[in-house]
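Participant: The residues making up each chain are set out below.
There are 2 protein chains.
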Amino acid sequence: MSGTTYVYNLRDLKFILKEWLDMGKLLSLPPYAEYYDADDIDFIVDNTFKVCRDKVAVVNDDADKIGVKFEDGKVVSPESFRDAFKAVNEAGLGAGNADREVEAHLPYTIVQSNYEMLCAASLAFTGYWGLTTGAISVIQNYASEELKEKFLPNMCAGEWGGTMNLTESGAGSDVGANVTKAFPTDEPGIYKIKGNKIFITGGDHDLCSNFIHLVLARIEGALPGTAGLSLFIVPKIWVDDDGGLGEPNDVVTTGIEEKMGLHGQPTCSLSYGENDGCRGYLIGAPPDENGKASGIRQMFLMMNEERLMIGIQGLAVTGAAYLHSLAYAKERVQGRKFTDPKGERVRIIEHEDIRRMLMMQKSCSEAIRALVLKSCYYYDLSHDSEDPEEKAFAEGMFQISNPLCKAYSTDMAWLLISDAIQVFGGYGFTAEYPVEQLARDCKVLSIWEGTNYIQAQDLVGRKFTMQKGKVLTDWMEDIGGFIKSHKDKEGYGREFEVLSGAFGDMNYILEEVSAYGEGDRKEMTPLFATRILHAAAMLYCGRLIIDQALLAGEKLIELGEDHFDAAYYKGKIASARFYILNIVPQVGAIRRVIGLGDASAIDIAEESFA
Amino acid sequence: MSGTTYVYNLRDLKFILKEWLDMGKLLSLPPYAEYYDADDIDFIVDNTFKVCRDKVAVVNDDADKIGVKFEDGKVVSPESFRDAFKAVNEAGLGAGNADREVEAHLPYTIVQSNYEMLCAASLAFTGYWGLTTGAISVIQNYASEELKEKFLPNMCAGEWGGTMNLTESGAGSDVGANVTKAFPTDEPGIYKIKGNKIFITGGDHDLCSNFIHLVLARIEGALPGTAGLSLFIVPKIWVDDDGGLGEPNDVVTTGIEEKMGLHGQPTCSLSYGENDGCRGYLIGAPPDENGKASGIRQMFLMMNEERLMIGIQGLAVTGAAYLHSLAYAKERVQGRKFTDPKGERVRIIEHEDIRRMLMMQKSCSEAIRALVLKSCYYYDLSHDSEDPEEKAFAEGMFQISNPLCKAYSTDMAWLLISDAIQVFGGYGFTAEYPVEQLARDCKVLSIWEGTNYIQAQDLVGRKFTMQKGKVLTDWMEDIGGFIKSHKDKEGYGREFEVLSGAFGDMNYILEEVSAYGEGDRKEMTPLFATRILHAAAMLYCGRLIIDQALLAGEKLIELGEDHFDAAYYKGKIASARFYILNIVPQVGAIRRVIGLGDASAIDIAEESFA
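Heads up: the sequence lines are chains A and B, in that order. Each residue of the first sequence is one higher than the one before, counting from 0 in numbering that gives the first Met the number 0. Each residue of the second sequence is one higher than the one before, counting from 0 in numbering that gives the first Met the number 0.
Taking beta-carbon pairs under 7 Å as the criterion, some of the chain A residues facing chain B (in silico):
{"hint": "1", "residue": "G171"}
{"hint": "2", "residue": "S172"}
{"hint": "3", "residue": "P525"}
Quick list of in silico lysine to any residue cross-link-like pairs, SDA-like style, CA-CA up to 25 Å:
{"hint": "4", "chain 1": "B", "residue 1": "K329", "chain 2": "A", "residue 2": "A176"}
{"hint": "5", "chain 1": "B", "residue 1": "K341", "chain 2": "A", "residue 2": "T464"}
{"hint": "6", "chain 1": "B", "residue 1": "K486", "chain 2": "A", "residue 2": "R591"}
{"hint": "7", "chain 1": "B", "residue 1": "K68", "chain 2": "B", "residue 2": "G254"}
{"hint": "8", "chain 1": "A", "residue 1": "K521", "chain 2": "B", "residue 2": "G342"}
{"hint": "9", "chain 1": "B", "residue 1": "K291", "chain 2": "A", "residue 2": "E343"}
In short, the hints are calculated from the structure, not lab data. Using N, Cα and C, we set each Cβ at its ideal position, and we do this for glycine too.
Use the sequences and the hints to build the structure in full.
Facilitator: Shown next, in the form of structure tokens:
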């Protein structure tokens, strides 16, 4: 077993796409009906699985052990990446999927299912087109037809990379502190750009012949803060009117980061206009007469999609770590059973604590897969549904789920991959086995695309109050209504009791939150936001996974215990029980802590910290 | 700020050694009275601090980035290690501390305080003598005078390294599965050794001229399992009667592990007797007429000490990560205050969620420092007290605390260092800042010297039932009695209410555990053991840290608010409040989960896992 061994739970994905979510309904909607139906799902995901197994997973060791190098001002990727990159593009799994206007595009739910498979194969490698998708979307949505024609075809084909340039050394979470500047030129719509950006994923490498940077910069005279930022298309190499590559555009890669993980992914520092020769196309209109610009709105349109993708990244590495540790636990012989200390030595999967760690990983990764793919499904409905009410409901559900996907998945990745390492024992700490790499690779996920605290703030501060609280009410009713309709289901008494308790805890938490807002304890909201997000995620994941378990129970009855698929359905029921009876009670602990309302972290004087 | 910047909370250590623990009493006991009194503590720990800062921390980047190499069969350490190793030995901080029979030796509490400082400076580097201390103790306790004279002086001086050889590729946690063999020779007490050992920390390197391996092996005819294992002293180079180095002893280093962290620490594979030329000295008597040998008992005498040391390692890296993230939070400017969104940009220490993460790290690392040093103190009393009752009580408290120290400290290290990385944002993921290294370095701590599950099993299976439960009763009475005597303390009502609730939860858990043992649910013990250990650790840490807070409160009254030390004492009170009101409620969640008694992890069929 090495980092190049591809492991992916295709059965769980197919359960979601073919049994749990109503993909038949989604695929019957106008954008898809002509091209796809639910019977195509097998073909699509099986094909992706093969590409991931045969072409992508095989580069994952190189990604980590060779990594990307910065030599003579150039970013050099591992040799094996060429073949893999070609395969991904040829299979239609690359950046082209971001073009939602092209005919026969896939629904987001399927695109992101493919993306989970790709991330599970090599998270570092997906950075070579992951941000191109975001850049394509922004250009597609906001740029002129001329610019679309100039840039999109080569970006969608994977010939040119795309990037998102927000971060500067003094402006991370605080985007408004950007100091990159833009100056009008004689040519309308074209500006000179000057500034330095850091942490640009895929900002330069040798798999693409050009890079189309989307750069946030402030046009002279625009407002300070985020309101004054405009967004520019800044090609690394100027593109001639005939579409060919012209002069270099004074964009210099000044270095790449040495990182804990994702060694194969270039994290670039880029310098724009060091020699005053950098030009970019303004997207949309210049700042209005008050100096208000539209760059941040353009950039943030894509943010929800990007954040969902990070949730999927966390899920992918967590799922891979689980399956690696499961395979190891089934083979490794060590010790005797606790209940039979004189018996034969057994495989470690027979030990109770190993099973606890496996179930922890299994149940949480399945719960998170349910969460993120359900969110994708809502996202699709919010775009494609022909029923305005359904559309609006789906939009709300997506909005509230989105920060849960990003933050809960990535916070849990760190914990769950630790369990995977623990299953491997000492070997888990060595580079000979794949799990330590997954732990290193995952650590940035809780940070990028908005730290997990920013997600918590988004949830509690924006999503809970959206449409005067209607979105939150819908979400709580979805959970409460579900519990109410199923709580008497035979065999699930304890599970619904716990879930119902957690629902009550969440109601209590929401009352507290609204009291903070009204009272003089406004600072309690940010103090507890992260924990509130976790409580919300556990409650909602509990609701989703028991929904899956009820369906699995029906399938079991339908197919009978002897069916080859019975093991899967029983496993799903076990996951739901484990998740609800072992994880969800933490919602009660969070309620308790919020009820205690300790503010010592706020009250403590700075000099008392050390 | 880099990995070579030394950060250590000397104030908290001095609070423990000079104010909280009665070191005056300990140092007045016979082994120490003649040499030390409490006034020496400052000199000792200040001196260690300087050595750590000036000589040890400076090699920590080399430990990670250069690391140890295996070239032409030799283990090559970074060049800078030579100077550091010399400094540690000259300062009396090396392996010599393990010799508890030498005059003027320090109590264990102070030795381990020094050890925390050293581990905080460079955890990888401490592996160059950490296992030598265990080997010295075993030889000191069990070997003949002749062998002691032959080996101990050079080991104590740091000239020769010592190692512990338990693990084989098929025998990790399952020590009894050892297949290394020993064959009698014509010379009494000398055996031929044949076998392969792996994961031998400090098993070979270029800072010592010889290695004295303690090797578990089975003499022909001895029992299978651990009962048949004997322990041998196997020098890498044979030591002549005059003490000089003689012939090589057919011990070959076959490789070192590539690891997630601790790159500077050699983790060796050793081959003994590949050419039938390896000899070792049997420690103690050969197996008795039933084939029962005494190796495992000899080896395990040291295990409690080693496990406490791992707890200290976890604490050390956690504490370092906290202080690095604190320093960063005090400098880094980013964003505006939640309660003043139009105000000036602030340093991130002014953000509530950053403060939450800092307090999480501060309160937990202080609680764990209280736990491990109190355990050391009990360990000293259990050896040195002249009052038999106190001695017996201290022994019991040490026994029960020991698995808590090892497992809770190291499980928390992973979580808390993650918070430190999060405080750094994107920079935390880069090798430019020191925290990602600490996360990588710490991950083995939950595995080696007995995985944390083995600690949980030790706690629940052995320590809880020791002396027919008297040890457990003493421990619970220590906590219950403390709560009872202080619960009406003004200003701590909520804290004692929560602690009292957790105490009740623990009682409930203990009743459940004893019901498992009597009933037909024996497998519930290993299923819940890890969570029971966490509950026990949180309850006990809560009891210890509020004890510290009460003392800090008295000091505050004594010194007044204007005293320069007031900030420290207030910080201690804040730590206790935060720990009890934010962490300890998790004990209730564990009680709930145990009450629900879900056995899905056991009941699930193996084929349902994937």
